[in-house]
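Given next are the chains, with one letter for each unit.
Number of protein chains: 2
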Amino acid sequence: MRRISAFVTVTLAVFCAEVLSAPPHRLQSRNHGYMEKYFTQTLDHFNFNSMGNGTFKQRYLITDKYWKKSYGPIFFYTGNEGDIWEFALNSGFITELAAQQQALVIFAEHRYYGRSLPFGNDSFSIPQISLLTVEQALADYSVMITELKQQLIATDCPVIVFGGSYGGMLSVYMRLKYPSIVAGALAASAPILSTAGLGDSSQFFRDVTADFESINPKCRSAVMAAFHQLKELAVLQDYSRIQSVFALCQTPSSAQDVRQLNGLLRNAFTLMAMLDYPYSTQFMGSMPANPVKVACKTMLNGFNLLANLRMTAGIVYNATGQLKCFDQYSLYVECADPTGCGLGFNSMAWDYQACTEINLCYESNNVTDMFPPMPFTERDRELYCSKRWAVIPRPDWLKIQFWGDELSTASNIIFSNGDLDPWANGGVRKSLTSSLVAINIHGGAHHLDLRGSNEADPASVINARRTEADLISHWVEKERAALTVLL
Amino acid sequence: MRRISAFVTVTLAVFCAEVLSAPPHRLQSRNHGYMEKYFTQTLDHFNFNSMGNGTFKQRYLITDKYWKKSYGPIFFYTGNEGDIWEFALNSGFITELAAQQQALVIFAEHRYYGRSLPFGNDSFSIPQISLLTVEQALADYSVMITELKQQLIATDCPVIVFGGSYGGMLSVYMRLKYPSIVAGALAASAPILSTAGLGDSSQFFRDVTADFESINPKCRSAVMAAFHQLKELAVLQDYSRIQSVFALCQTPSSAQDVRQLNGLLRNAFTLMAMLDYPYSTQFMGSMPANPVKVACKTMLNGFNLLANLRMTAGIVYNATGQLKCFDQYSLYVECADPTGCGLGFNSMAWDYQACTEINLCYESNNVTDMFPPMPFTERDRELYCSKRWAVIPRPDWLKIQFWGDELSTASNIIFSNGDLDPWANGGVRKSLTSSLVAINIHGGAHHLDLRGSNEADPASVINARRTEADLISHWVEKERAALTVLL
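Residue numbers (this note's numbering), protein chains in the order written: chain A, 13 to 499; chain B, 13 to 499.
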């Protein structure tokens, strides 16, 4: 669901290393006011014997800069599949809202991501990896919130959870499963339906395609034609031509190598659709403003479609222009998530999650989308996952555990989605009750609303954030009133 | 929380062996219409690697005798700590209600109890025992309901869960955590607050005492005086006198032996208070009608208090009059539940649950109750549990996981309690909203309302069952209407 390019991982590592070695006063200023801390967390919430009563160090970021102590609400970001700093630095709306509503802000890192590795670098072995589940993550957050509230003398402070993408799913689940701990949830771009198996395997790449088509129908045609030309070269086994036109570091030598190249190329379009923000960003890679528009301009520039396709992929993989050739196996790794798992440790953890609880059987078919047909069936997933992780996915489980689309008993959840985001139609698009509110952000990409204000923001996201602020403030007041009655 | 005497276990085993070897037509008639079946259940819902993707055979009883096929509701008993036949044969209200409301009835056996042993007789070793948790049990029921509904062409049939005692806790939790699967819950005598650590460690034995006191204040005094006389003999180390007066099979020889005897005696009063039904029963042992009254009559018959105490204990332990002596270590086993764990495999499983998630740190103190002071602190529990099961209890966990007393976001739960039941004040006694309804059964013992109608029933329980029937019927209709809107 998320991919962090090698570039970003390195940049972030350098940044964090700097931060960690900085003197305290500098730490504060460099870290946007966050303190980085570690919480002693239960290793296995659902088994008292498996690994003894072990614990691990779970990282979290905290700032009380805006907090009305022991009174203001707690805004808690339910970290998802990546380094928690990445989410903190790309979710400025939460601190802006904290400033308005005098809130304490906590960003909690998901177990098995970033520096919250229960078994260090050995966390991704079998069976160590097996304590990576959605349920463990939710239990982590519940225990952490409960204990931190006591430590911070904040037991009467209402808690609102925030999350984007898989983090948004976790925010929804927190409100469903732990409403005594969490008074409300802002779930931005959370595909809770598709990941529960309630969807259509062609939806995702169809919606990616629609973004490019909406810029210019010729853009879709050009991309299709380019992929078709690539296919023809592959049929002819003209691998040296494929290498030269795509500037590959190695000559492909098999159908598998071509499949890998197709995956790499498709992934570039996926990323540009998701991250189609109206200004340049450094989130999940370096991206220009309006990358879909940039891509279509590139695709439609002259008649060398294969060269255009290479340059379009370069927007994502070669933003700096420093790469001399594309290493298709290091820039993109095929995994149990056809929308991409990213690279490095985080990608292994996400691959495991896509192999167990989270359904991501998306396919491109070249009919409803502009990409080569790349089937990924439940059977393909099973074969891959049993080989890679010695697990069999349970496609029905997430729906059983987290209610699927039967949410009528829930309350106080905002489902925000941007209509440019290919994840949007895997989520809740219509309000279900007065407190299960769907917000559509016209012209918005992947959880644009969680980002800090920017002068290039469309009016839709400004309005969305205003609605979100009002609802959250209302939930906080209601929760406070309920607590007062109890006292 | 429940104890099954050796006597009942044997009787039940004989009964079940008969049933299993019986020809089908006899099976139906002998089994109150239930078919006994086994469901292939996931071994570990929360870990995809721990024991591979193993399964086990989970037993359930089912009858469609009253069911309006593919339309009527499903009444699902969330089995608790014992053989599922015991609950089915002592919860006649559910089939009576099924007959009225054309429901399918299922009694599901809790993992690690009865014949639902994931690892057979080896289930109680470490680490095999570690898959015994409340969360696994709830996941079992959720998966079972989902799959059976498909098998039985019953996907549109609303499900109501029923449970008594710990089974009632599970029913509540099902509605809290899986409301998309379960439309409502009747939780009879479910101590969801005390077991979550929201209570007072002296409550239980104080309420046992109150039952006897309410028959006659002299009854309390007589019991206290008898225990005091026993204490004096113990101080004098007059063990042979203790043996003779209590007809023990072995002579006590230590303070520990006397503690064990005190535990055995206190347990007899606990059982009589819990099972103080207005007619004789064969549930958790053989019990006369109104056992508390019988006990007080026995205690106040003449002046030999120690003999009276022995005879009172005999009501529970020697109902048939066949025992020549009391073997204090085989009739009662001390464990992590001071209200008793029972005997045999089931008691081991319950001990493990009391050592991990379920808080049962009840103490008698000889001030607010009539029993000898028998402290059982959190520290005592930790020491015992780490030695017995290599686990450390997590006293805060149940409250975090199942909301404690913060239930305002829940709906469609009946909390019924009888005011004779020492478990009652560990549960919800006041209605919280119009759909979180507390029912008090005046003169009712432990989940009397779940038992089948009896001519000795007090008006209170007849009224309670009527209210329950109305609420359940209302929930079913509401759920059906909601489903119709979706179709």
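By construction, these hints were calculated from the structure, which means they are not laboratory data. Check each hint, because a few of them may be wrong.
Said to hold, decoys possible - List of simulated lysine to aspartate or glutamate pairs, EDC-like, C-alpha gap at most 20 Å:
1. B:Lys-411 x A:Glu-147
2. B:Lys-230 x B:Asp-212
3. A:Lys-411 x B:Glu-147
4. B:Lys-69 x B:Glu-48
5. A:Lys-69 x A:Glu-159
6. B:Lys-69 x B:Glu-147
7. A:Lys-411 x B:Glu-159
8. B:Lys-243 x B:Asp-269
9. B:Lys-161 x A:Glu-418
10. B:Lys-490 x A:Glu-418
11. B:Lys-411 x A:Glu-159
12. A:Lys-490 x B:Asp-417
13. A:Lys-490 x B:Glu-418
14. A:Lys-411 x A:Glu-159
15. A:Lys-161 x B:Asp-417
16. B:Lys-161 x A:Asp-408
17. B:Lys-77 x B:Glu-108
18. A:Lys-49 x A:Asp-219
19. A:Lys-161 x B:Asp-269
20. B:Lys-411 x A:Asp-168
21. A:Lys-161 x B:Glu-418
22. A:Lys-81 x A:Asp-168
23. B:Lys-161 x A:Asp-417
24. B:Lys-490 x A:Asp-417
25. A:Lys-230 x A:Asp-219
26. A:Lys-411 x B:Asp-417
In this text the structure is predicted, and so the values were computed from the model without any measurement.
> Do the alpha carbons of A:Lys-230 and A:Asp-219 lie within 20 Å of each other, as the hint requires?
Replying inline: OK: A:Lys-230 and A:Asp-219 at ~16 Å, within 20 Å.
>> Hint check: B:Lys-161 vs A:Glu-418, CA-CA at most 20 Å. Holds or violated?
In response: Given that 20 Å is the threshold and the Cα spacing comes to 16 Å, the pair holds.
>> Check the hint pairing A:Lys-69 with A:Glu-159 against an upper bound of 20 Å on the C-alpha distance.
In response: Holds, at roughly 14 Å.
>> Hint check: B:Lys-243 vs B:Asp-269, CA-CA at most 20 Å. Holds or violated?
In response: holds, 12 Å
> Keeping to a limit of 20 Å between CA atoms, is the pair of A:Lys-411 and B:Glu-147 held or broken?
Replying inline: holds, 16 Å
> Can the restraint linking A:Lys-411 and A:Glu-159 be considered satisfied, given a maximum Cα separation of 20 Å?
Replying inline: Judged against 20 Å, a Cα distance of about 30 Å means the pair is violated.
> Given the proposed pairing of B:Lys-69 with B:Glu-48, does the C-alpha separation stay at or below 20 Å?
Replying inline: Judged against 20 Å, a Cα distance of about 12 Å means the pair holds.
>> Please verify whether A:Lys-161 and B:Glu-418 have alpha carbons no more than 20 Å apart.
In response: Within the cut-off at roughly 16 Å; holds.
>> Would the hint linking A:Lys-161 and B:Asp-269 be met if the CA-CA limit is 20 Å?
In response: Not OK: A:Lys-161 and B:Asp-269 at ~46 Å, beyond 20 Å, violated.
> Taken at face value, is the distance from the CA of B:Glu-159 to the CA of A:Lys-411 at most 20 Å?
Replying inline: holds, 13 Å
> Would the pair B:Lys-411 and A:Glu-159 pass a check requiring their Cα atoms to be no farther apart than 20 Å?
Replying inline: holds, 13 Å
>> For B:Lys-161 and A:Asp-408, compute the direct alpha-carbon distance and say whether it is at most 20 Å.
In response: Distance ~14 Å between B:Lys-161 and A:Asp-408 Cα, so the pair holds.
Figure legend: structure checked against the earlier numbered hints; hints not met, in rising order: 2, 14, 18, 19 and 26.
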